[in-house]
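Throw the hints in and build the complete structure from the sequences for me.
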Amino acid sequence: MEKVNAIKKDEQFSKVIDTEIQKVCSRNPLGDGCRNGINMSIKYIAMPAAWKYMPTDVSRVAKEVFGYLYNSQGASTRFDKYFNTIDNRADFFAASNLYEQNLGSKARWFGGADFVSRAAITGLGADGEASYITFAAGKVVGNPPIYEWRAASGNALIVNGFYNFRDLFNKKTNPREWDIQQLKSEQKLLQPIHQKYLSNEKDYLSLIKGVTSNKIFSIIPNPLDERKKIEDGINMLDYKSRIKYGCKLMGYSEKQGCKP
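Under the UniProt record's numbering, residues 1 to 260 are what the sequence shown spells out, in order.
To be clear, the hints were calculated from the coordinates, so they are not data collected in a lab. A couple of the hints might just be wrong.
Stated by the list, open to error - When the alpha-carbon atoms are kept at most 27 Å apart in a straight line, the in silico DSSO-like pairs for lysine-lysine are as follows: (1) K63 / K139; (2) K202 / K255; (3) K255 / K196; (4) K244 / K184; (5) K106 / K209; (6) K171 / K52; (7) K188 / K202; (8) K196 / K171; (9) K259 / K196; (10) K196 / K106; (11) K202 / K171; (12) K202 / K106; (13) K255 / K184; (14) K202 / K228; (15) K202 / K259; (16) K244 / K255; (17) K196 / K43; (18) K228 / K43.
As the list claims (entries may be wrong) - Just the calculated beta-carbon pair ranges, DEER-fashion: (19) E254 / E20: 29 to 35 Å; (20) N164 / S26: 24 to 30 Å; (21) N71 / Q101: 18 to 24 Å; (22) N164 / R27: 25 to 31 Å; (23) E64 / K255: 25 to 31 Å.
Idealized CB from N, CA, C, for every residue including glycine.
Following this line, the structure appears as structure tokens:
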């Protein structure tokens, strides 16, 4: 009984906070108060414990927040302003994934995007598994422009993904078809960005391919999580290689239509 009462109090407090965020965003949707409020709500939605212990409340918050992000007037023009850092984007991917698994079509792409953002050793430096340490370490291999590359890739993904994300939120769809189409469109979008920032970074590209191969540099069996590697390693400049990895990460086979 005591636990039930505590949850009710938390839910009441959550509603009060959400009401205040809605007021702030209605006055200035691009102000610091609104952006901080949105990101605070996204962090809440991204918490597995919230879905376990407060499913009613977090479901309400998720519907309200994603409804605002996708369907409010002018939503497409400000969407990227809420998710303009690697950590904010990773939280958005995590929140979207938990929404999809609990209330949506069960699409897997968001879960993959969250994993790629945070994974230790192979991740893009988002908070969660200290991947910011190993990502930063990549600078020692010829000093590649990895932060500029990450920013350009992340921004392009958020800006161009808005309508696909909105369609998935607004209507039930075949999750496998959506996942594969999103993966392909994402990787086509990122191809010129990878080429711009990484074409001349042969040592860095070799490092990525080496640590994401089943055998590190074709010699040592790779002890990393299976989700972090493919047979020949990831060739960042090769669209087909990235698609192959994305399909594996999401758990789809060529027979299911997941191929370049």
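Outcome of the hint check:
For the suggested pair K63 and K139, the alpha carbons sit about 40 Å apart, so the restraint of at most 27 Å is broken. For the proposed pair K202 and K255, the alpha carbon gap of about 33 Å is over 27 Å, so the pair is violated. Annotation: proposed proximity of K255 to K196 is violated, straight-line Cα distance about 33 Å (limit 27 Å). Distance restraint check for K244 and K184: the Cα-Cα separation of roughly 10 Å lies within the 27 Å cut-off, and the hinted pair is therefore satisfied.
Distance check on the hinted pair: K106 and K209 sit about 30 Å apart at the alpha-carbon level, beyond 27 Å; violated. Simply put, K171 and K52 have alpha-carbon atoms about 25 Å apart, close enough for the 27 Å limit, and the pair holds. In summary, the hint linking K188 to K202 is supported, as the alpha carbons are separated by about 21 Å, within the 27 Å threshold. Proposed proximity of K196 and K171 is contradicted: the alpha carbons are some 36 Å apart, above 27 Å.
Only pairs whose Cα atoms come within 27 Å are accepted, and K259 paired with K196 is accepted, the gap being roughly 24 Å. Pair hint K196 plus K106 does not hold up; C-alpha atoms about 34 Å apart against a cutoff of 27 Å. Restraint check for K202 and K171: the C-alpha separation of about 43 Å exceeds 27 Å, so the hint is violated. Using a Cα cut-off of 27 Å, the hinted pair K202 and K106 is violated, with the two alpha carbons roughly 38 Å apart.
Of the pairs offered as hints, the one joining K255 and K184 holds, with about 16 Å between alpha carbons and a cut-off of 27 Å not exceeded. Proximity of K202 to K228 is assessed by CA-CA distance (about 20 Å); at most 27 Å being required, the pair is judged to hold. At most 27 Å may separate the alpha-carbon atoms for a hinted pair to count; K202 and K259 meet this at roughly 26 Å. Taken as a hint, the K244 and K255 pair is honoured in the structure, with Cα atoms around 13 Å apart against an allowance of 27 Å.
Of the supplied pair hints, the one linking K196 and K43 is violated, its CA atoms being roughly 33 Å apart against a limit of 27 Å. This hinted pair checks out: K228 and K43 have alpha carbons roughly 24 Å apart, not beyond 27 Å. One distance hint, 29 to 35 Å for the beta-carbon pair E254 and E20, is violated here, with the actual separation near 50 Å. With their beta carbons about 27 Å apart, N164 and S26 fall inside the hinted range of 24 to 30 Å.
Our hint of 18 to 24 Å for N71 and Q101 holds, since their Cβ atoms are close to 21 Å apart. For N164 and R27, the hinted distance range of 25 to 31 Å is satisfied, since their beta carbons lie about 30 Å from each other. The beta-carbon spacing between E64 and K255, approximately 39 Å, falls outside the hinted interval of 25 to 31 Å.
Consistency with the previously given hints fails for numbers 1, 2, 3, 5, 8, 10, 11, 12, 17, 19, 23, ordered from lowest to highest.
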